[in-house]
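Trainee: As a plain string of letters, each chain reads:
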Amino acid sequence: MIKKKITLFASVLLACGSVTCLAGCASSYDETLTIYNWEDYIYEGTDDEGNQVEDGTIKAFEKYYLEKTGKKLHVDYQTFSTNEDMKKQIELGAVKADLICPSDYMIQKMANDGLLEPFSYDQKTDKYQESLSNWDQYGSPFIRERFANEKLKDGSSFLTYAVPYFWGTMGFTYDPAYFSAEEVGTWEALWNTDAKYAKQFSLKDSMRDTYVTAIFHVYKDEIAALDDTAADFTEKLSSIFNRCDDETIAKVETALKATTKNVYGFEVDEGKDEIVKGTYHANLAWSGDAVFAMDNAEESKKTLCYALPSEGSNVWFDGWCMPKGAQKELAEEFVNFICAPENAVLNMEAVGYTSPIVGTDIWEYVNDTYAAEETETDTYTVDLGFYFGQSIEGEATIDIPTSEKGRQFDAQYPDEASLKRCCMMKDFGSQQAKVEQMWQRIK
Amino acid sequence: MEAALESNDIAIKQRRRFNFRGSLCIPYAVFMALFVIFPLALVFYYAFTDANGAFTFSNWGTVFTNSKNWEVIGITFLISSITTVICILIAYPVAYFLSNKKYNKNKVLVYIFLLPMWINFVVRTLGLKSLINFVTNSLFGFALTSTYPYVAVVIGMVYDYLPFAILPLYNQMLKMDKNQIEAAADLGANPAQVFFKNIIPMTIPGIVSACMMTFMPTMSSYVIADHMSERRTKIIGKLIEDWFGSSTSDVANNVGSVLSLVMLFIIGVTLVIEKTVSRKEEDGKKVGIW
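Sequences listed follow chains A and B, in order. Heads up, the first sequence is in this note's numbering, so the first residue is 1 and it goes up one at a time. Heads up, the second sequence is in this note's numbering, so the first residue is 1001 and it goes up one at a time.
In short, the hints are calculated from the structure, not lab data. Idealized CB from N, CA, C, for every residue including glycine. A couple of the hints might just be wrong.
What the hints assert, rightly or not - In the DMTMM-like style, the derived pairs of lysine to aspartate or glutamate whose C-alpha atoms are separated by at most 25 Å in a straight line are:
(1) A:LYS257 to B:ASP1050
(2) A:LYS88 to B:GLU1071
(3) B:LYS1068 to A:GLU436
(4) A:LYS257 to B:GLU1071
(5) B:LYS1175 to A:GLU84
(6) A:LYS71 to A:GLU329
(7) A:LYS88 to B:GLU1241
(8) A:LYS96 to B:GLU1071
(9) A:LYS87 to B:ASP1250
(10) B:LYS1068 to A:GLU329
(11) A:LYS251 to B:ASP1186
(12) A:LYS196 to B:GLU1071
(13) B:LYS1068 to A:GLU84
(14) A:LYS434 to B:GLU1274
(15) A:LYS434 to B:ASP1186
(16) A:LYS153 to B:GLU1071
(17) B:LYS1197 to A:ASP245
(18) B:LYS1280 to A:GLU329
(19) A:LYS87 to B:ASP1050
What the hints assert, rightly or not - Per label pair, the in silico range of CB-to-CB distance:
(20) A:TYR178 to B:TYR1150: 46 to 52 Å
(21) A:ASP40 to B:SER1130: 19 to 25 Å
(22) A:TYR77 to B:ALA1029: 48 to 54 Å
(23) A:GLY278 to B:SER1081: 34 to 40 Å
(24) A:GLU298 to B:TYR1150: 33 to 39 Å
(25) B:GLY1061 to A:GLY278: 44 to 50 Å
(26) B:ASP1250 to A:ASN149: 25 to 31 Å
(27) A:TYR178 to B:ILE1037: 21 to 27 Å
(28) B:ASN1066 to A:TYR77: 23 to 29 Å
(29) A:GLY114 to B:ALA1029: 41 to 47 Å
(30) A:TYR29 to B:TRP1060: 18 to 24 Å
(31) B:PHE1134 to A:GLY114: 39 to 45 Å
(32) B:PHE1140 to A:ASN149: 51 to 57 Å
(33) A:THR229 to B:ASP1250: 19 to 25 Å
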């Protein structure tokens, strides 16, 4: 009996000891910055095999901060897997983050709900001033325009509450040996009754993404009738794209139910592996996942391509935001750090999505990775002037081998005309519950 | 001598004052309070309140006026029932075979049947999925999980919960009185009569607990359903996950709680059925003896 008591006592002591150690360890830092980001969404300093070869972005920032201010900083890095989950954790106070990285519609919702802290952004001059000088200097003019034009409920622009981190489009990753670019270059492929299409597509088990595929089908005539040379074309398309009235919801439901014949199944992230394995031949994918799948396929001697449907698509952004009560200066310091082209290029390489940051470092990376060798003659030229703007010297044109058409480069940098047809998702607002109910009936 | 007795008395008294054995229950009681009673109370609280915490029945209305929810509950019930029946049909002969010492000398065979349980069920399910899709693809040219999702879900569930059906049956059959079986045969019962009038009644407690062990978890194991149907079959567990996990509705937790209670109710009903069956069985035995 005594022995038992002693063990009990010892374990209590041990427990107390570890708690004090934890408290003690934490206090050896001067400051703590809590970052709440998507999984696998930052450069971790590892090579292809997963070995640590150098400091990741987080470690590098801690060192940079120590050098700059002399203060020892600890970054508490946590991850989430869906926007909705993240919002819930923040609202519950389960994660007390200084920086979060939600997607466009969620930024809109959270900002409108008053959950976000504004950055020191001046809407008139479109500048953040010294706290975020890297964004002012290196933010892509295209992204800035798109973001600044999106207005929130209080009339302020998106940039007040969010600094873009990555962006991309949504389309089909497909196997060119099975489908031609024309066949999957349209959303109508999902409703094509030809036997070739049966059970060859996978959709996202994500309400927002799958909803918009049906929008382009339901309103195809109206979209085709739009004048795509008009200045307000994107605006008009966007209003169709974000429709969620009762009639639209009903139409989308009918349309999505009719895809059963062609849809193999729904997935969240297995799709980028299944398409390589050949389980199906077209996978509704975000551009970054498409790049990932194409890279992987190359390793198993297979070619995959990415098609951005001709009717238009979704262009999405994830941006750094500060929840209410965040340590503003520290958070801005980190965002500024990650917006530096030399850091942005590392993250872009690691994650596979496109960084909204431009500049010589990024331009060199793009050229090293994608540009055709001088000896190659069969090439096509892409003008990225609209995207890189004045950030690089000379013209932003790049020659790509024709054999690479519809591959990684096109997925990462769609041309201006295609991007004009890509719209940003908006919050469903009061229709949210109805769309959710519709979505529950689909599966 | 007297002093020793006295000190013994004191020790006994002290032991009474501080009941050490009783105190060993404290961690369990704390655990139960924190992780069973408190969460359950929260679920009840959420189920009867709205987004602002005011008392309401509207969440129940939301759940029961939506025909999709009824459909999901029905499908869940169907999948769980079919899975249970198939599990019992397979597990019964297997358990009978295993409990026979002639074939299963060192209990090695039992371990072989329980071996898959040592591997995480998600990994097992993914393996099964690849295997059956490969088979159906090469034989019939379609992937089972995509073309017949419900069939695939049942196969996945049966595969994952079969050991849970075998084990209680096997345990029960070990306890079976072999003499009674022999006696029945000696007294002229044909093999079918021996089986239905002798072996089955003796193993009913095993059958009941095998049913419980498969029926209850299949209702909520939506991960298996997700993988085996390419995310196209929804069971009540998934519905609850949807509300708690991905819904942005103001009353997401409240509606999710109602659904949790519905599931709890179904499980409760099956437990009650189990209890009544077992009790009848006990009574029945007495009748049989007298």
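Trainee: It remains to establish, for every hint, whether it holds in the given structure.
Mentor: Against the structure, the hints come out as follows:
Between the alpha carbons of LYS257 (chain A) and ASP1050 (chain B) the distance comes to roughly 32 Å, so the proposed pair goes past 25 Å and is violated. For the given pair, LYS88 (chain A) sits about 28 Å from GLU1071 (chain B) by alpha-carbon distance, which is inconsistent with the 25 Å threshold. The straight-line distance between the Cα atoms of LYS1068 (chain B) and GLU436 (chain A) is roughly 12 Å, inside the 25 Å bound, and the hint therefore holds. Simply put, LYS257 (chain A) and GLU1071 (chain B) have alpha-carbon atoms about 16 Å apart, close enough for the 25 Å limit, and the pair holds.
Note on LYS1175 (chain B) and GLU84 (chain A): the hinted pairing is violated, with a Cα-Cα distance of about 53 Å set against a maximum of 25 Å. Our distance criterion of 25 Å between C-alpha atoms is met by LYS71 (chain A) and GLU329 (chain A), whose separation comes to about 14 Å. Our distance criterion of 25 Å between C-alpha atoms is met by LYS88 (chain A) and GLU1241 (chain B), whose separation comes to about 14 Å. A C-alpha spacing of about 40 Å is found between LYS96 (chain A) and GLU1071 (chain B), which places the hinted pair above 25 Å, so the restraint is violated.
The straight-line distance between the Cα atoms of LYS87 (chain A) and ASP1250 (chain B) is roughly 12 Å, inside the 25 Å bound, and the hint therefore holds. The suggested pairing of LYS1068 (chain B) with GLU329 (chain A) is violated, with an alpha-carbon distance near 49 Å, which exceeds 25 Å. As the CA atoms of LYS251 (chain A) and ASP1186 (chain B) are separated by approximately 72 Å, the hinted pair breaks the 25 Å bound. Between the alpha carbons of LYS196 (chain A) and GLU1071 (chain B) the distance comes to roughly 32 Å, so the proposed pair goes past 25 Å and is violated.
Taking the CA atoms of LYS1068 (chain B) and GLU84 (chain A), the gap is about 22 Å. The hint holds against a cut of 25 Å. For a cut-off of 25 Å, the pair hint linking LYS434 (chain A) to GLU1274 (chain B) is broken: about 40 Å separates their Cα positions. A hinted pair counts as satisfied when its Cα atoms are at most 25 Å apart, and LYS434 (chain A) with ASP1186 (chain B) does not qualify at roughly 69 Å. At most 25 Å may separate the alpha-carbon atoms for a hinted pair to count; LYS153 (chain A) and GLU1071 (chain B) exceed this at roughly 39 Å.
With a C-alpha separation of about 64 Å, the suggested pair LYS1197 (chain B) and ASP245 (chain A) falls outside the 25 Å cut-off, and the hint is violated. Between LYS1280 (chain B) and GLU329 (chain A) the CA atoms are separated by roughly 72 Å; this puts the pair beyond 25 Å, and the hint is violated. For the suggested pair LYS87 (chain A) and ASP1050 (chain B), the alpha carbons sit about 19 Å apart, so the restraint of at most 25 Å is met. Between TYR178 (chain A) and TYR1150 (chain B) the Cβ separation comes to about 28 Å, which falls outside the hinted range of 46 to 52 Å.
Between ASP40 (chain A) and SER1130 (chain B), the C-beta spacing of about 24 Å keeps the proposed range 19 to 25 Å intact. One distance hint, 48 to 54 Å for the beta-carbon pair TYR77 (chain A) and ALA1029 (chain B), is violated here, with the actual separation near 37 Å. The supplied range of 34 to 40 Å is met by GLY278 (chain A) and SER1081 (chain B), whose beta-carbon atoms lie about 36 Å from each other. Distance hint for GLU298 (chain A) and TYR1150 (chain B): a CB-CB separation of about 37 Å, consistent with the stated range 33 to 39 Å.
Under the hint 44 to 50 Å, the C-beta atoms of GLY1061 (chain B) and GLY278 (chain A), about 47 Å apart, fit the expected range. Checking the proposed 25 to 31 Å range against ASP1250 (chain B) and ASN149 (chain A) shows it holds: the Cβ atoms sit about 30 Å from each other. Remark: the range hint 21 to 27 Å for TYR178 (chain A) to ILE1037 (chain B) is contradicted by a beta-carbon distance near 56 Å. One distance hint, 23 to 29 Å for the beta-carbon pair ASN1066 (chain B) and TYR77 (chain A), is violated here, with the actual separation near 40 Å.
GLY114 (chain A) and ALA1029 (chain B) have their C-beta atoms about 42 Å apart, which keeps the hinted 41 to 47 Å range intact. The beta-carbon spacing between TYR29 (chain A) and TRP1060 (chain B), approximately 49 Å, falls outside the hinted interval of 18 to 24 Å. Our hint of 39 to 45 Å for PHE1134 (chain B) and GLY114 (chain A) is violated, since their Cβ atoms are close to 53 Å apart. The beta-carbon spacing between PHE1140 (chain B) and ASN149 (chain A), approximately 53 Å, falls within the hinted interval of 51 to 57 Å.
For THR229 (chain A) and ASP1250 (chain B), the Cβ-Cβ distance of about 43 Å falls outside the hinted range of 19 to 25 Å, so the restraint is violated.
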